[in-house]
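Novice: Given next are the chains, with one letter for each unit.
Protein chains: 4
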Amino acid sequence: RLGKLAVVVASYRRPGALAAVPSPLELCDDANPVDNEYFFDRSSQAFRYVLHYYRTGRLHVMEQLCALSFLQEIQYWGIDELSIDSCCRDRYFRRKELSETLDFKKDTEDQESQHESEQDFSQGPCPTVRQKLWNILEKPGSSTAARIFGVISIIFVVVSIINMALMSAELSWLDLQLLEILEYVCISWFTGEFVLRFLCVRDRCRFLRKVPNIIDLLAILPFYITLLVESLSGSQTTQELENVGRIVQVLRLLRALRMLKLGRHSTGLRSLGMTITQCYEEVGLLLLFLSVGISIFSTVEYFAEQSIPDTTFTSVPCAWWWATTSMTTVGYGDIRPDTTTGKIVAFMCILSGILVLALPIAIINDRFSACYFTLKLKEAAVRQREALKKLTKNIATDSYISVNLRDVYARSIMEMLRLKGRERASTRSSGGDDFWF
Amino acid sequence: RLGKLAVVVASYRRPGALAAVPSPLELCDDANPVDNEYFFDRSSQAFRYVLHYYRTGRLHVMEQLCALSFLQEIQYWGIDELSIDSCCRDRYFRRKELSETLDFKKDTEDQESQHESEQDFSQGPCPTVRQKLWNILEKPGSSTAARIFGVISIIFVVVSIINMALMSAELSWLDLQLLEILEYVCISWFTGEFVLRFLCVRDRCRFLRKVPNIIDLLAILPFYITLLVESLSGSQTTQELENVGRIVQVLRLLRALRMLKLGRHSTGLRSLGMTITQCYEEVGLLLLFLSVGISIFSTVEYFAEQSIPDTTFTSVPCAWWWATTSMTTVGYGDIRPDTTTGKIVAFMCILSGILVLALPIAIINDRFSACYFTLKLKEAAVRQREALKKLTKNIATDSYISVNLRDVYARSIMEMLRLKGRERASTRSSGGDDFWF
Amino acid sequence: RLGKLAVVVASYRRPGALAAVPSPLELCDDANPVDNEYFFDRSSQAFRYVLHYYRTGRLHVMEQLCALSFLQEIQYWGIDELSIDSCCRDRYFRRKELSETLDFKKDTEDQESQHESEQDFSQGPCPTVRQKLWNILEKPGSSTAARIFGVISIIFVVVSIINMALMSAELSWLDLQLLEILEYVCISWFTGEFVLRFLCVRDRCRFLRKVPNIIDLLAILPFYITLLVESLSGSQTTQELENVGRIVQVLRLLRALRMLKLGRHSTGLRSLGMTITQCYEEVGLLLLFLSVGISIFSTVEYFAEQSIPDTTFTSVPCAWWWATTSMTTVGYGDIRPDTTTGKIVAFMCILSGILVLALPIAIINDRFSACYFTLKLKEAAVRQREALKKLTKNIATDSYISVNLRDVYARSIMEMLRLKGRERASTRSSGGDDFWF
Amino acid sequence: RLGKLAVVVASYRRPGALAAVPSPLELCDDANPVDNEYFFDRSSQAFRYVLHYYRTGRLHVMEQLCALSFLQEIQYWGIDELSIDSCCRDRYFRRKELSETLDFKKDTEDQESQHESEQDFSQGPCPTVRQKLWNILEKPGSSTAARIFGVISIIFVVVSIINMALMSAELSWLDLQLLEILEYVCISWFTGEFVLRFLCVRDRCRFLRKVPNIIDLLAILPFYITLLVESLSGSQTTQELENVGRIVQVLRLLRALRMLKLGRHSTGLRSLGMTITQCYEEVGLLLLFLSVGISIFSTVEYFAEQSIPDTTFTSVPCAWWWATTSMTTVGYGDIRPDTTTGKIVAFMCILSGILVLALPIAIINDRFSACYFTLKLKEAAVRQREALKKLTKNIATDSYISVNLRDVYARSIMEMLRLKGRERASTRSSGGDDFWF
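Each protein sequence line maps, in turn, to chains A, B, C and D.
Using the UniProt record's numbering, the first residue of the first sequence is number 1, and each one after it goes up by one.
Using the UniProt record's numbering, the first residue of the second sequence is number 1, and each one after it goes up by one.
Using the UniProt record's numbering, the first residue of the third sequence is number 1, and each one after it goes up by one.
Using the UniProt record's numbering, the first residue of the fourth sequence is number 1, and each one after it goes up by one.
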């Protein structure tokens, strides 16, 4: 049979560009028997497509195989992915890009998490205390203490945000005092949390380069810098005081970043961050599309409206603002066209806005769901692995000797089922186990 | 052939983590012949993927198999679902989660419906009357009386809502009297409906724990509590009257829940409820995303706008309201930026709002269609089952003896076709039957 | 092999409910050899799933088969579609419903179009004139005259709509006279068009029952009724004149329906109509969801806002209007909350509005694209069939005798390619023909 | 086996329309052995569907094959694509249309790009200078100079747009002078860029017919025409001056098109252009749907509101503007209904607007992602091809003699990996290469 296939390929092989590629036959003959077996196995799958390619010059994507796997298959036959026919190309590329970004992300994160999990606390002082503290601070699902700590942490973030908002409102002196005390309490908590984390880790440079820790730092730094600046500027002229005031105001803005501290506790927020990191191109596209639309329509609208007395379109930047609120369908109504031409232009502007916003969002959407479900699965995996570890330890201490890993697994599942109702990563499937074995 | 496959697996088996998993060969040898047959049958399907996994360490998902089925297959070969490669992982997990939640829901609901259908009315007084009443009240498709009852029930809900709305408008004394009478009529109907249902069922605790019945109760209780409170508060001080007034107002709010009574009559509304119950995480995500966006942008906007005289941004909570209406593209226009910086921030705010709202909605959307179609199919199934039952009974009374169930099925289909035009759960397919047999 | 499969089925057949179903073996044995062959052919496809069902009680959907085809397969094995497992059920049902509605629609339309195409003009007076006139009026692609007629018809519709709009604006007497003359011209054209169509057809009852003709009639009738009423009401009292005025106004509203006359010329508009007809349930769902949301949130909002002096929420119906504009994110800004509670309720209201609108639209969207592409394909089919007919006629008159239909087809394709660039229903594929034969 | 299949087909062949189609057996018998082999190979795939078609009259689409490939398969068996069953038809047609438009586009563009890449600069003066200049101007990824040039070009576009906007605002005389100088600088740059490009190419007619170059020309022409007109109109009457002023204003509008110059540098913007070119039907649909909605609802709304004193609906065109802003959910709030009837009509209007806008956008969305990913893949292909070329040249100069192209490819990949992190067109896959060979 191998001979026959080779003959078919040989008789339909096109002269030219592909001549340099080693023929399947060559690859086959010098392979060991097992590889031949594999070759035979494959031939029924991908070879059909390869054969079709050699006959017709068109390479189609096997939909039942995922993109990376298909790529390996065709590369085995010496075909490049750029030979894929136009009808299948966009779907193939989209799926491949998606899996690659997720894969890439996964690898780096896996390294990190591996590093973290292997981060032994044996070096440095008080290894057990630091280990326990770390578990409480970083693994909210590991124990009751950790869970309580997580909830308190979330509450402090929310309270500090509300507190900040209320301080801006006009209040009596007494209330302001109360709010300020609350602010001090929050800051103390945040500082404590950060310091504890910082003391726990061994590799502190690495620690300070991570995004969540940078956010933590940015949430508390402004407060201390403000304190410092105010204590220094005690005896200065009015001019300098004003400058200091401006710096303090900018620093205060950074406090709004506290909200991002919730990212530690929410898979969704991290998915959003991950999506934005990966989709910066598409988000940029959104901005570009809107910018082009705004600049074109606002110019036209300005020229259509400028001659009217009492027009709200006093300049092109004004028209920019109008175009922004119109294309995004916000429509504050503070500035709007009055002439008939202006209204027709506005109609086109709004329509193009709706169109232009919908397009890149569809692409970003796909990416977001991929990120979201990947992160959720990874968390379920981590949770399950730890439950398994704990169980294996329990069994070991109970001195079972020749234990089948499968049994342990099944037991862990039963355990997890009893513990929580909803977090069933692979619970339902175990129901069929009794049948299969 | 079995031997060959085992050799292939054995020669490519990776040393290490997977060693503890029982090999396919072991599983095979001690199986009975039929299982071997099945093993052979399977090998052409899932074994290809398993083989690929042992060779390359990458496990891909077979798309033609649904998630749960694939899981069983790979578990048969001793592979965990967490080994699935990143390229297929998110799709696999998404589908699995979807089917699990639907499955879970189905099981509990099936139990309930089973319980209901088996709920025999033989115990307690007047079994036949209660049985008939129950059919009229709960199964709107079972008879003409039940259908009329359903329509009247819907009309009463709508009328009572409109009535409640009109009572708040300023009206002449006469009109108010009329509306109040109408309100009394509606309440009487609702009370009657609830009491009848309550009297029909045997297990009353169970009855009161169901969501539709709780809604029914919440829709009538406020009226009676108000009556009670007013009759009690006849001879009290002004201070107490005020307190009573507040309670009455809160109770009146509950009347708005009457609209939810329509859930009894609409598959769509129940799907929505089911979707929200299942997607509380995603809805929470939506809230979280918006909260983070609002708190960050409103703070920045407030600091950008506060220095302008006559600004509408008087405090951060004010800016929250602005950010809410902007991010959701509502744009009332009561509060809006005037400075250039503020407008640029507003642009970012609006864009991020559009982006952030679109993302979790896509996930919720998928879940909703799944719920909607599952509920619709289940209803069609129930309808068909009852039609079948009725028909079988008819045939039995007509004393046909050796009747093939398939013929009965075909007849029921023809019957249903004649009855209704649109509710064709599996009508079209029967058209091909005459060919196949 | 057949025996083996039967043994497998028999040994795993579950006792109970399925016993009445004829076993595959029974079906096989008394079949003729060809059917056995077919049975063998099938067994590799659907039988795997059936076998799986008998073993595990779970029936999964083969994704590579379309829904109706899969249904036939499992019914051949005596399994009902209701046995499909929950994981595949919603996808299966969705696809099936979609194909059924399209199929159903197609059948009735095919009948109609068949009726039309077979509608012979031989009976009645002037058959050739009527035939030609019909082609010009109804088949815009058939000749140049028909195409010109179509364009003129579209122009008249657009002109009459613009005309109607301008007549409402305050204009000088002269302009009004001009517009009125234009209106008379338009009405004459519409009347002429309708009368010509009416004279052409034989079955006039059928003609008057079709949607496009009803629209045509509704677009011209108001004008004649108004004329009639005005001529009759010459000598009547003021009271009666007022009544007449009201009737005339309502009749004038019907003129807005003229826009629907464009449906004759646009596939998209017809798809929209078809979608709405088929999705009345989902559109109803949209209305229901919004109604429930509006009634609940407006009540709560009203109670939150009513105590504030100068509130814009004067009554619950007012709050309804606010909830409508908020949930749909229109946000006119004429009525909006001022209290903090009110703003929080508004936030929930807007969010739920966005959510609730997105859900049924996703379902309607699917249906719309299905309708749109089906209609487009059908049009391409009709166009191609006519081109083929014309070509076959040409060839026949050129007295080619033993002509292969395939050659004719290929020629027709070449012809069409030359004629139009874009309408390539199956042009590209013909490029590969020279290779295959 | 071949005989058996033919018998099956023959025994189930339907009499009538298909008789003229050559039978598969006929096609087989006179084929060479290799074709028979292929026939055998195929039979297991498409023949199953063909057989099913001959038996049942229903042709389903194989989902694992892409549309064009499936078309070839069924045409081999003498079946037309119009025979496809309604359940699969819309999906099939959608995919086919998508791949055809992309294919069509690709072909013409490939020709262009081929023409460009083969565009030899050997003819005309200074071939090397022109070649280098061309690379700098047109291939931003080819060298550092080209990259810098690209960035400067983008900056100039952005600066000139901001400049144009600021000039419309009221400024002091000095600022205006500065802005005008900046405008002159920008125009000089744009002119220089255009002239250089124009001098580089050989086929200047072709050059001037390309869209990006037309945009470039439109961005600079108005300035020169204005200059010309102003210098000519030095000694003319006021009347003529006014006319000139109007022309100048219209010309100024063209300056807004400068933003489109960014299309040269953004894949996304070109995808948008390509999408709009291909989806003009769907965009037209959007406009048509909105127009129909607007004209109907505005007429009804006008008649509902006109009788109220101080109504904002003064005429039907006014109502058009209201319907536009409502259906697109912009909601400026300058004109809005006051009567109850008007509000109910507004509710319907808004809902239908949301519905009607969502429908065609879903179709456009699909097309856009296809365009976007196709363009991205094409760019990656071009990049990789050039990297490969460069590498092959390097290797050649390093005098390696018998080099396997595969090794070169692998090396190029390694090289690219080192160079850039993100642009990994087919990098990840190379990780598995060491295993396969």
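Derived from the structure by calculation, the hints contain no laboratory data.
It is possible that some hints are incorrect.
To be verified - Here are the simulated distance ranges between beta carbons:
#1 B:Leu227 - C:Pro309: 51 to 59 Å
#2 B:Met348 - C:Ile344: 20 to 28 Å
#3 A:Leu254 - D:Thr144: 46 to 54 Å
#4 D:Asp310 - C:Ile308: 20 to 28 Å
#5 B:Tyr224 - A:Leu196: 34 to 42 Å
Virtual Cβ for every residue (Gly too), placed ideally from N, Cα, C.
Novice: May I ask which of the numbered hints given earlier this structure violates, with the numbers listed in increasing order?
Specialist: 1, 3, 5
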